[in-house]
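S.K.: Whole structure, please, built from the sequences with the hints as guidance.
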Amino acid sequence: MFSVLLLAILAYIYSALFESIYNFWISFPPCMGSESMASCKPSTGILNFLLISLLDSSLIVSCIASKFYQEFDITWGNGRGKILNNGELLTLSLDKASGSGFQSKKEYLFGKIDMQLKLVPGNSAGTVTAYYLKSPGNSWDELDFEFLGNLSGDPYTLHTNVYSQGKGDREQQFRLWFDPTAGFHTYSILWNPKLIIFSVDGKPIREFKNLESIGVPFPKKQQMRIYSSLWNADDWATRGGLIKTDWTRAPFTASYRNFNADACIWSSGRAACPSKNSWLWKQLDATSLQRLKWVQKNFMIYNYCTDTKRFPLGFPPECSVNM
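In the working numbering, the protein residues as written are 1399 to 1721.
Keep in mind that the hints are not guaranteed to be accurate.
Unchecked claim - Here are the simulated lysine-lysine pairs, DSBU-like style, with alpha carbons at most 30 Å apart:
1. K1480 <-> K1532
2. K1642 <-> K1503
3. K1516 <-> K1707
4. K1607 <-> K1619
5. K1565 <-> K1503
6. K1504 <-> K1592
7. K1601 <-> K1618
8. K1642 <-> K1619
9. K1504 <-> K1674
10. K1480 <-> K1592
11. K1680 <-> K1691
12. K1532 <-> K1618
13. K1532 <-> K1504
14. K1516 <-> K1695
15. K1642 <-> K1680
16. K1532 <-> K1494
17. K1504 <-> K1607
18. K1642 <-> K1516
19. K1465 <-> K1565
20. K1504 <-> K1642
21. K1607 <-> K1532
22. K1532 <-> K1642
23. K1480 <-> K1642
24. K1691 <-> K1601
25. K1691 <-> K1532
26. K1510 <-> K1674
27. K1592 <-> K1674
28. K1510 <-> K1592
29. K1619 <-> K1504
30. K1532 <-> K1516
31. K1691 <-> K1618
Claimed, not checked - Pair ranges (Cβ atoms, derived):
32. K1494 <-> S1537: 29 to 37 Å
33. Y1700 <-> P1591: 26 to 34 Å
34. W1679 <-> G1613: 21 to 29 Å
35. D1705 <-> G1667: 33 to 41 Å
If you're looking for bench data, these hints aren't it; they were derived computationally from the structure.
For each residue, glycine too, the CB sits at the ideal point set by N, CA and C.
M.R.: Now the structure itself:
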């Protein structure tokens, strides 16, 4: 009882502090990109630093994170997936015989989904840690985070994709601005009828808007489960398959904690949404758009919307907006 009360107090303090900092901070222009703190107004730089620190996953107290055994089933791996620490930690492992994976017990139609991951450390070349939402059927919708393994000392590649009605091929790839194996970081998908936002530690990295008005299918009618898997893909994952998995370093292990789904839960043919659902109509404000552009300018390494070799006759219609 005491621990629950303490968590509730911490959640209230965090929320109040975040709101106060944010409301004051938005009255100033943000300090972004290559600008140093010294080049910003002093108050702006301090507030910007505090806001980023609050958003950093290492400082967020996830008071409402669900227990993994309540929310997920380990679906394959023959014991290589484990739920530990009284349901607060989940790990997936890969060795030469098999990888492992899990899926959510619930299905969702729109929501804000957060998960903290710590990726396979060291030489993870050839491995892929996938974390995604997917609907059933042959004409499926899917929202992907995939983390492509690396040689020791090389950066991970974060691969994102959006499928709608079975059509994908909308890849964007990023280098992360931190070591994703040294600690836990928060990877989020916000999905509502207007747009999809991929975020890392609260910073938007990709936006996919609803452009049905120009003939682009958008995921909004099919409920999705959350999935994750750790598997061997050394035929393509690292430098196009040039670097193979070093099995002497197995087992490879990825860790998960602090899952939270503020989402509409699908049941009996309908979606039941929480009463407080500001995310349901959320769009990126001017500050968030600046952050998105900063991430894409500095950390994006591939965008299908600029691949002229792949689309010699012209880019897909969404590229005129979803850049």
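S.K.: Next, verify each hint and record whether it holds.
M.R.: Status of each hint after checking the structure:
1. K1480 <-> K1532: Holds, at roughly 22 Å.
2. K1642 <-> K1503: violated, 34 Å
3. K1516 <-> K1707: violated, 35 Å
4. K1607 <-> K1619: holds, 15 Å
5. K1565 <-> K1503: holds, 25 Å
6. K1504 <-> K1592: holds, 23 Å
7. K1601 <-> K1618: holds, 24 Å
8. K1642 <-> K1619: violated, 39 Å
9. K1504 <-> K1674: Holds, at about 19 Å.
10. K1480 <-> K1592: violated, 36 Å
11. K1680 <-> K1691: Measuring from Cα to Cα gives roughly 18 Å; hence the hint holds.
12. K1532 <-> K1618: holds, 12 Å
13. K1532 <-> K1504: Within the cut-off at roughly 12 Å; holds.
14. K1516 <-> K1695: Holds: K1516 and K1695 sit about 25 Å apart, inside 30 Å.
15. K1642 <-> K1680: It is violated: about 42 Å lies between the C-alpha atoms, which goes past 30 Å.
16. K1532 <-> K1494: Given that 30 Å is the threshold and the Cα spacing comes to 27 Å, the pair holds.
17. K1504 <-> K1607: holds, 25 Å
18. K1642 <-> K1516: holds, 22 Å
19. K1465 <-> K1565: Since the Cα atoms of K1465 and K1565 sit roughly 33 Å apart, the hinted pair is violated (cutoff 30 Å).
20. K1504 <-> K1642: violated, 36 Å
21. K1607 <-> K1532: Holds: K1607 and K1532 sit about 18 Å apart, inside 30 Å.
22. K1532 <-> K1642: holds, 28 Å
23. K1480 <-> K1642: holds, 26 Å
24. K1691 <-> K1601: holds, 11 Å
25. K1691 <-> K1532: holds, 27 Å
26. K1510 <-> K1674: Roughly 12 Å separates the two Cα atoms, so the pair holds.
27. K1592 <-> K1674: holds, 18 Å
28. K1510 <-> K1592: holds, 13 Å
29. K1619 <-> K1504: holds, 16 Å
30. K1532 <-> K1516: holds, 22 Å
31. K1691 <-> K1618: holds, 26 Å
32. K1494 <-> S1537: 29 to 37 Å: holds, 35 Å
33. Y1700 <-> P1591: 26 to 34 Å: holds, 28 Å
34. W1679 <-> G1613: 21 to 29 Å: holds, 23 Å
35. D1705 <-> G1667: 33 to 41 Å: holds, 40 Å
Hints 2, 3, 8, 10, 15, 19, 20 from the list above are not met by this structure, while the remaining hints are.
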